[in-house]
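Here's the letter readout for the chains.
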Amino acid sequence: MTIEVMVGNKAAATAAKLSRVQVAVAFPVTPQTTIVEYLNEFITKGEMDCEFINVEGELSAQVVVQAASRVGARTFCCTSGPGCLYMHHPMHDTSSLRLPVVMAVVHRGNKGMQPDHTDLMSHIMTGWIQWYVENNQEVLDSIIMAYRVAEDMRVRIPIAVGYDGYILSYTAEPVDIPDQEEVDDFLPPYKPMPSLMPEDFDPKAPLWWRVPWEEHHKVIVDAKEVIKEVNEEFGKRFGRSYGNGLVEEYRCEDAEAVIVVMGTIASTARDAIDNLRAEGKPVGLVKLKCLVPFPYEDFQRIGSEVRAIGMIDRNVCLGVGGVGHTFIRNAIYDLEERPRVLGFHAGLAGKEVKVSDIERMAEKTLKAARGESISPLVEWI
Amino acid sequence: MERLTIKDIPLEEYTITPGSACQGCGPALAARLVFKALGNKVIRHGVPSCPDSVTRTPHTFSVFESAGAALTGISRALKVLGREDVLAVGFIGDGGTYDIGFQALSAAAERNEDILWFCKNNEAYMNTGIQRSSATPLYAWTTTTQVGPRGRGKETPRKNLPFIIAAHHVPYVATASIAFPTDLIGKVLHAKRLRGFRFIDILCPCPTGWRFDPSRTIEVARLAVQTGMWALYEIIDGREFRLTYKPKKLKPVEEYLRLQGRFRHLTDREIEEIQRMVNENWERLLKLDEMGEFPL
Chain R
1 MTIEVMVGNK
11 AAATAAKLSR
21 VQVAVAFPVT
31 PQTTIVEYLN
41 EFITKGEMDC
51 EFINVEGELS
61 AQVVVQAASR
71 VGARTFCCTS
81 GPGCLYMHHP
91 MHDTSSLRLP
101 VVMAVVHRGN
111 KGMQPDHTDL
121 MSHIMTGWIQ
131 WYVENNQEVL
141 DSIIMAYRVA
151 EDMRVRIPIA
161 VGYDGYILSY
171 TAEPVDIPDQ
181 EEVDDFLPPY
191 KPMPSLMPED
201 FDPKAPLWWR
211 VPWEEHHKVI
221 VDAKEVIKEV
231 NEEFGKRFGR
241 SYGNGLVEEY
251 RCEDAEAVIV
261 VMGTIASTAR
271 DAIDNLRAEG
281 KPVGLVKLKC
291 LVPFPYEDFQ
301 RIGSEVRAIG
311 MIDRNVCLGV
321 GGVGHTFIRN
331 AIYDLEERPR
341 VLGFHAGLAG
351 KEVKVSDIER
361 MAEKTLKAAR
371 GESISPLVEW
381 I
Chain P
1 MERLTIKDIP
11 LEEYTITPGS
21 ACQGCGPALA
31 ARLVFKALGN
41 KVIRHGVPSC
51 PDSVTRTPHT
61 FSVFESAGAA
71 LTGISRALKV
81 LGREDVLAVG
91 FIGDGGTYDI
101 GFQALSAAAE
111 RNEDILWFCK
121 NNEAYMNTGI
131 QRSSATPLYA
141 WTTTTQVGPR
151 GRGKETPRKN
161 LPFIIAAHHV
171 PYVATASIAF
181 PTDLIGKVLH
191 AKRLRGFRFI
201 DILCPCPTGW
211 RFDPSRTIEV
221 ARLAVQTGMW
231 ALYEIIDGRE
241 FRLTYKPKKL
251 KPVEEYLRLQ
261 GRFRHLTDRE
271 IEEIQRMVNE
281 NWERLLKLDE
291 MGEFPL
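Note that the protein sequences, when read in sequence, are chains R and P.
Note that my numbering gives residue 73 to position 73 of the first sequence, counting from 1, and the numbers run on in steps of one.
Note that my numbering gives residue 101 to position 101 of the second sequence, counting from 1, and the numbers run on in steps of one.
Careful: at least some of the hints might be erroneous.
Using 20 Å as the maximum straight-line C-alpha spacing, the simulated SDA-like pairs for lysine to any residue come out as follows [what the hints assert, rightly or not]: (1) R:Lys111 with R:Ala349; (2) P:Lys79 with R:Arg20; (3) P:Lys79 with R:Thr44; (4) P:Lys36 with P:Thr267; (5) R:Lys191 with P:Thr182; (6) P:Lys41 with R:Pro192; (7) P:Lys192 with R:Met197; (8) P:Lys192 with P:Asp8; (9) P:Lys41 with R:Met197; (10) R:Lys367 with R:Glu253; (11) P:Lys79 with R:Ser195; (12) R:Lys191 with P:Val86; (13) P:Lys192 with P:Lys287; (14) P:Lys249 with P:His265; (15) P:Lys79 with R:Met193; (16) R:Lys204 with P:Thr182; (17) P:Lys36 with R:Glu199; (18) P:Lys41 with R:Pro194; (19) P:Lys36 with R:Asp202; (20) P:Lys79 with R:Asp200.
Covered stretches of chain P (chain R as the covering partner; in silico rule of three or more C-beta atoms under 8 Å from a C-beta of chain R) [claimed, not checked]: (21) 38-44; (22) 72-82; (23) 101-109; (24) 234-247.
Hints in this document: simulated from the structure, not taken from any laboratory.
C-beta: ideal position from N, C-alpha, C; glycine also.
Bound-form chain R, shown alone (with noise of 0.2 Å):
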């Protein structure tokens, strides 16, 4: 274990070292790009034994991995806003043929250079697990774990990885390297299933194709209990874990209202809710790291024991809402007492969050849980 100040872009290199990765691809996109350049250093330098191919194209770069995955090599990829929606297409392949690529996405919105989430959620639908992560150690982190998760078996599910590019991409931190002997003893090497080679090859076999839409669904759904699994085993070998490995719950204690976000805007709205609980006031943090699957269990529970949820979504679905406060108030449907659930929009197009923003929108959600009456119920800010 060594202690070294990084980037975001290194840390997310580093992880694809310490993961053994087999090959590695991309094409340079703003800020996605450093991440390349290391890989590359890493490489040349000898420390990692790793086939690197420079495609053409992020659309390339996607079915590079996904074919060398299918071959039995581990991969990564990674990019960044317009390379990520032009991976569109093979992505759901990707997903339908339950290859395990792991990808980093550091995100850029979708109208322009600064970050928000829209990049990664357009690909909602895809079938990937998404995850979106708070800092340089969760992105080092997340990226090893994503490989267990994603190659478990029971799962088989390619994995992104999302954090704010610019905020932790070109942003040091120090950061916490496992050796890697305690990283190959956590992360078995990768095998295909089934193998692809021509001894063992039977063309009797049912020809190998597109998984259903009902047990592709089911098998996502049911990947949460194994990212729980797997995020706790990551606390007990290394010291560190993230919430449940879904949902990550701050000072929710007694907590009359909670506010819910997702990815670095969770550092800034730890200082938020711990000025705000010096006050006396009673709010907690839900930091939402999981958003496929979607942690419906943990949302319920959290909304039978606070009055209301205010979600902060660096994100909009246009002309239909927040990704999270849509998802969130679909899963205290069923609760026969429902919480209110309040929506802000923040930090799009890179906007600016700051402590004061979130303590005025977590005071919000409490006046809401202490019944005034609150207008609008979405707001941007």
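Please build the complex by placing chain P on the supplied structure of chain R, with the hints as guidance.
Below, chain P alone, put in the same frame as chain R:
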């Protein structure tokens, strides 16, 4: 290429017959010949094409536009796993090669990936029902280049893809025909022994799309070559050029065109225009053959 006689063609069969092919299917025969020469120590990659299920070998598929990238992934994974004894083979239609797959194809060729790419070229999108591709020849009728008061079939000649691939300076580029099996298999066996990016474009007549009787597939394929509509050659390392079939005199293109419903509408003048193009092209190819050089 290797010089063979018909007796040298391997007896083993690796194709699914009849599979999803029509009677007289050219691409199905191309698959049969190609995989006889390659054997089964391959991973065959396919994208949507007609017919799409062709061999009893390990195989993968991916989205239409991506064969170059998928074959790259297969080849690099085989390398990193120490399995370079297994060949990454693409068996891809002309749409997946000339059109939608062109970007990934060009990129894989430029990186000189260790890949064997066969284009089963039936000169249109036959899987979706005979729509023009950039491999469709001048004046050919398709369902998207129709014939009527405002249309004479396809308005432009086909893209010269083998030359474009050769301009990537790859180890091997060749054209072939199902009517010349020893020439085709000789090229496959030669390509199999090389490393790096290898590309063989095989003209495969499609009775359904070209509108001729399924019993005449070989005759149509043979005439394409004998008239110079589809010349057989190979280009080595993007430098050496060699015609592998050189008749003393080409047959008139009319003999080839008149067999096919897709050219039924052609006027004498249009046939003359095609004949002129073929003659000019043949002269150029003879010159390249004489020099032995590919001029790019």
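Quick rundown of the hints versus the structure:
no., hint, in the structure
1, R:Lys111 with R:Ala349, "holds (7 Å)"
2, P:Lys79 with R:Arg20, "holds (16 Å)"
3, P:Lys79 with R:Thr44, "holds (17 Å)"
4, P:Lys36 with P:Thr267, "violated (42 Å)"
5, R:Lys191 with P:Thr182, "violated (40 Å)"
6, P:Lys41 with R:Pro192, "holds (18 Å)"
7, P:Lys192 with R:Met197, "holds (18 Å)"
8, P:Lys192 with P:Asp8, "holds (16 Å)"
9, P:Lys41 with R:Met197, "holds (8 Å)"
10, R:Lys367 with R:Glu253, "holds (18 Å)"
11, P:Lys79 with R:Ser195, "holds (16 Å)"
12, R:Lys191 with P:Val86, "holds (18 Å)"
13, P:Lys192 with P:Lys287, "violated (28 Å)"
14, P:Lys249 with P:His265, "violated (27 Å)"
15, P:Lys79 with R:Met193, "holds (19 Å)"
16, R:Lys204 with P:Thr182, "violated (31 Å)"
17, P:Lys36 with R:Glu199, "holds (18 Å)"
18, P:Lys41 with R:Pro194, "holds (17 Å)"
19, P:Lys36 with R:Asp202, "holds (18 Å)"
20, P:Lys79 with R:Asp200, "holds (18 Å)"
21, 38-44, "holds (count 4)"
22, 72-82, "holds (count 9)"
23, 101-109, "holds (count 4)"
24, 234-247, "violated (count 0)"
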